[in-house]
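**Student:** Protein chains in written order, with this note's numbering: chain A, 1 to 785; chain B, 1001 to 1159.
Simulated from the structure, these hints should not be mistaken for lab results. Check the hints yourself; a few may be wrong.
[To be verified] Derived DEER-like restraints, expressed as beta-carbon distance ranges: (1) A:Ser133 <-> B:Pro1097: 35 to 45 Å; (2) B:Pro1070 <-> A:Ser133: 26 to 36 Å; (3) A:Thr646 <-> B:Arg1045: 43 to 53 Å; (4) A:Arg51 <-> B:Arg1144: 33 to 43 Å; (5) A:Gly206 <-> B:Glu1041: 48 to 58 Å; (6) B:Pro1070 <-> A:Thr646: 48 to 58 Å; (7) B:Pro1070 <-> A:Lys57: 39 to 49 Å; (8) B:Pro1070 <-> A:Arg48: 28 to 38 Å; (9) B:Glu1041 <-> A:Ser133: 21 to 31 Å.
[As the list claims (entries may be wrong)] With a straight-line Cα cutoff of 25 Å, these simulated DMTMM-like cross-link-like pairs (lysine to aspartate or glutamate) come out: (10) A:Lys97 <-> B:Glu1088; (11) A:Lys57 <-> B:Glu1035; (12) A:Lys57 <-> B:Glu1049; (13) A:Lys437 <-> A:Glu648.
[Stated by the list, open to error] Here are some chain B residues the structure puts well away from chain A; computed CB gaps all over 10 Å: (14) Gly1040; (15) Arg1092; (16) Gly1126; (17) Asn1138; (18) Glu1140.
Computed from a predicted structure; not experimentally measured. Idealized CB from N, CA, C, for every residue including glycine.
Listed here are the chains, written in short residue letters.
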Amino acid sequence: MPYVGQAVKRKEDYRFLTGRGAYTDDLTLPGMVHAAFVRSPYAHARIRAIRTEAALKAPGVLAVLTGEDFAREGVKPMPVGWLLPTLKIPPRPVVAKDEVHHVGEIVAVVVAETRAQAEDAALLVEVDYEPLSPAADLRKALAPGAPELHPEAPGNVAFTWEIGDEKAVEEAFAKAHKVVRLSLRQQRLIPNAIEPRASLAAYNPGTGEYTLYTTSQNPHVHRLMHAAFILGIPEPKLRVVAPDVGGAFGSKIFPYPEEAAVLVAARQVGRPVKWAARRTESFLMDAHGRDHETEAEMAFDAEGRVLGLRVRTLANMGAYLSLFAPAIPTYLYGTLLSGQYRIPAIYCHVTGVFTNTTPVDAYRGAGRPEASYILERLMDLAAEEFGVDPADLRRKNFIPKDAFPYATPVALVYDSGNYEEAFQKALELVGYWNLRKEQAELRAKGRYLGIGLSCYIEACGLAPSKVVGQLGAQAGLWESALVRVAPTGKVEVYTGSHSHGQGHETAFSQVVADLLGVSLEDVEIVHGDTGRIPFGMGTYGSRSAPVGLSAVVRAVEKVLDKARRIAAHLLEVAPEDLEYREGRFEVKGVPGKAKGFQEVALQAYLAHNLPEGMEPGLEATAFFDPSNFVFPFGTHVAVVEVFPETGEVKLLRYVAVDDCGPQINPLLVKGQVEGGVVQGIAQALLEEGVYDENGQLLTTSYMEYAMPRAAHIPRIEHGHTVTPSPVNPLGVKGIGEAGTIAAAQAVVNAVMDALRPFGVRHLDMPLTPEKIWRALRDRVPVAAD
Amino acid sequence: MRLGGEKTIPADRETLFRIFQDPDFLAKAVPGAKELVPEGEGCYRAVLELALGPLRGRFQGRVLIKDRRPPEALTLGLEVQSPLGRAEGEGRVELFPEGEATRVRYEGEARLMGSLAGLGARLLQGAAQGLAEQFFQNLEQELRRRYGEGGDSSQGERG
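In isolation and in its complexed conformation, chain A is listed as follows:
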């Protein structure tokens, strides 16, 4: 029985569940010492002087390095990997030298024998700051006369960007029967991986080689950035290893200043240097997500068909541009504004703004959830204004299944889709029309049930390289794989994508085992080490299955091709006469005349009898660059009850119907969807990163930053449809981000639906009991419909 399609339990769980995972902070190198960082307490200040004498005299201290030291060593600013035409790139130093621009920015690195000694000595570094006025939020940063962060960016504008046809949208609005408007905020989210970031750097003065063990989603990207752009050393002199990584959701894509700092420190002190973030450091320094203010308008004809969409967004970039930050509120956002709907004209304008806050970058869906949220909130508001059911309004506007490939007015061509089918399935699974009846009955009794729909689409498996290059990406977005067969027929797969919790070792093994007809145990997946993997772009944007695994499939095909030629040679037939079945090359029509995969592998290495001119060995490398993105989609439905007396929201049910093409492992798909859904629910109801007017981050621990707990989450009910993608050999689409892209608007729509009798039109996330209670305080419910 093939492995693909089965709910195979994860191979990696044995080591994870028995405490045998090896994360960066679990590693110890001989002679290892520890780094602690002196961080700016100010959001904006000039550094007048740094006195390190007291810290240097403290017990165990080996070095105290400041921005001056890093400048003298020729360490360059952090790179930016996605360019936009109007983009301003102020330098972001690894260690600040003259000015600090956000709380938590590094001003000095202390290296000592123990972590405690390093942290204690960091307190003894005296920094003389001259506080400057901060621009701590979007509006304040854009106000006339606001304090400016960088001379390169007048008025704190990082970029302006637009997509779509503004004039066509104006015409659509001019002939509209109805225009629905909404102002909304996408609150700032702060990453909270189970494993905080950690880095361990070693330097070998004999060879000039560095090794960096770090919490990374893409070790080769880290190597390229740190070696070529920051340290200015040849890439082969830096090996980056990302061992087991405990969660990321985007936050471990980017090179971080701490990583460069430990590399420099390791060379300076001549010993391996480790740093592991305290949870508060993670809050202050991991790239945050979202933080938009948006004005959106949707124009409809008299029948409720969408004519046009206009979106204006202010996107908070934080104090500097993190690696991929410019792409998130632009190409990963504006291009998604067609969603599942046929919208003839779309225009989106985005202003990126510098503020004295932690830099923002890709996190939890990155741009795509923000786009989907706008569409789904507008659909609900429009349904209300038309006096129709939100399900009916959506159905009227779906891109029909015979319209694919479908070119949107915002640059994408959807490869495939069948939105109506997934939608119908979700409505059936949740019992939508019965729920509407129940809702009406309960309202009459003073109870407030809400049903929220979310029809999402995402573009994942970012590609092809030629296209993303035209859009400003400073990297190709293909993936590599090396499949190496050992003489015993056991298989090693070296993939450039990287698992930080997704279960690649299992899913990739299933596919390879099926293709080669070997058992799951005979396939070993290797990832996360630039010293072992040919090259790789890593894991983000739900690309591992559609791009990474496709490269693996191509490499397996090459291996099989060579194995077939060896088998044919041994069997003295033509390669075309062979059929590969269950791990054996069989001569067609001659039962019993066959060579097993294991035997062929052995012959490849013995090389005693190979076809004329064939090289020994059995391995192949493949690079896969897909012809397009893949476009997973689905419909999620949330059912809530809101208690007006307290403002509390109880999530009663959550239905997720997703289409990620053929499922390699339904258990993994379920896990991915649920992880994402929980994050979306948390954004809707709980999480918010908050700064005060001085640019101080108020949410720096779990006392202030609300994380979801088991009690917040109902059992998630799953359904799926299968619409294969035509752009990769397996027809698969990413599923990693689907849940987090879909869930927030399902929950918000449900809560706002529950509050309809009170006349509350919109509340911004997170929908905390206090916010809802305040909105309802002076309102009396009116009888529904």
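Following the hints, complete the assembly by docking chain B onto the known chain A.
**Tutor:** Positioned in the frame of chain A, the structure of chain B alone reads:
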């Protein structure tokens, strides 16, 4: 985080103004002060033992006195460095004669940075206001100790 209040202290303005700048007096009055070492004009290095909400321990800090307008007003500043972040406070202190005594009005702002900022509003506001009030209580107590009940400073001066 804004702090403020009023307190009538049984001493005349001139005396009060003078003791506000007396390191010995300040060491007694600043809550938790263990050491107060002059470090230049109007600036003292301080070691403080404080319990401020959930934050307890021995901290390095500075006490600053500036914008002096004898005997009517001065600005008292406090900076404290802690593992959880930095706290800075600045208060304008105004002295109004009220018969034999002096009415002291103070108004200021404390800025909390680092992790302290998050704790600030919820946990530290009350504690910080408490510290400000304690400062004046300590001051009054010290005045009594030195100059006796009624705070007749003229005797103390002569004695």
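**Student:** All the hints need checking, so say for each whether the structure fits it.
**Tutor:** Tested hints:
1. A:Ser133 <-> B:Pro1097: 35 to 45 Å: Between serine 133 (chain A) and proline 1097 (chain B), where Cβ atoms are some 37 Å apart, the hint holds.
2. B:Pro1070 <-> A:Ser133: 26 to 36 Å: 31 Å, holds
3. A:Thr646 <-> B:Arg1045: 43 to 53 Å: Given about 50 Å between the Cβ atoms, the range holds.
4. A:Arg51 <-> B:Arg1144: 33 to 43 Å: Given range 33 to 43 Å: holds, Cβ gap about 41 Å.
5. A:Gly206 <-> B:Glu1041: 48 to 58 Å: 55 Å, holds
6. B:Pro1070 <-> A:Thr646: 48 to 58 Å: Holds - the Cβ-Cβ distance for proline 1070 (chain B) and threonine 646 (chain A), about 56 Å, lies within 48 to 58 Å.
7. B:Pro1070 <-> A:Lys57: 39 to 49 Å: 41 Å, holds
8. B:Pro1070 <-> A:Arg48: 28 to 38 Å: 30 Å Cβ-Cβ, so the 28 to 38 Å window holds.
9. B:Glu1041 <-> A:Ser133: 21 to 31 Å: Roughly 26 Å apart at Cβ, these two residues keep to the hinted range, so it holds.
10. A:Lys97 <-> B:Glu1088: 23 Å, holds
11. A:Lys57 <-> B:Glu1035: 22 Å, holds
12. A:Lys57 <-> B:Glu1049: The given pair, whose Cα atoms are some 24 Å apart, holds under the 25 Å limit.
13. A:Lys437 <-> A:Glu648: At roughly 23 Å apart (the allowed maximum being 25 Å), glutamate 648 (chain A) and lysine 437 (chain A) satisfy the hint.
14. Gly1040: 14 Å, holds
15. Arg1092: Arginine 1092 (chain B) is indeed farther than 10 Å from all Cβ atoms of chain A, at 18 Å.
16. Gly1126: 16 Å, holds
17. Asn1138: 27 Å, holds
18. Glu1140: 33 Å, holds
When each numbered hint is compared with the structure, no violation occurs for any of them.
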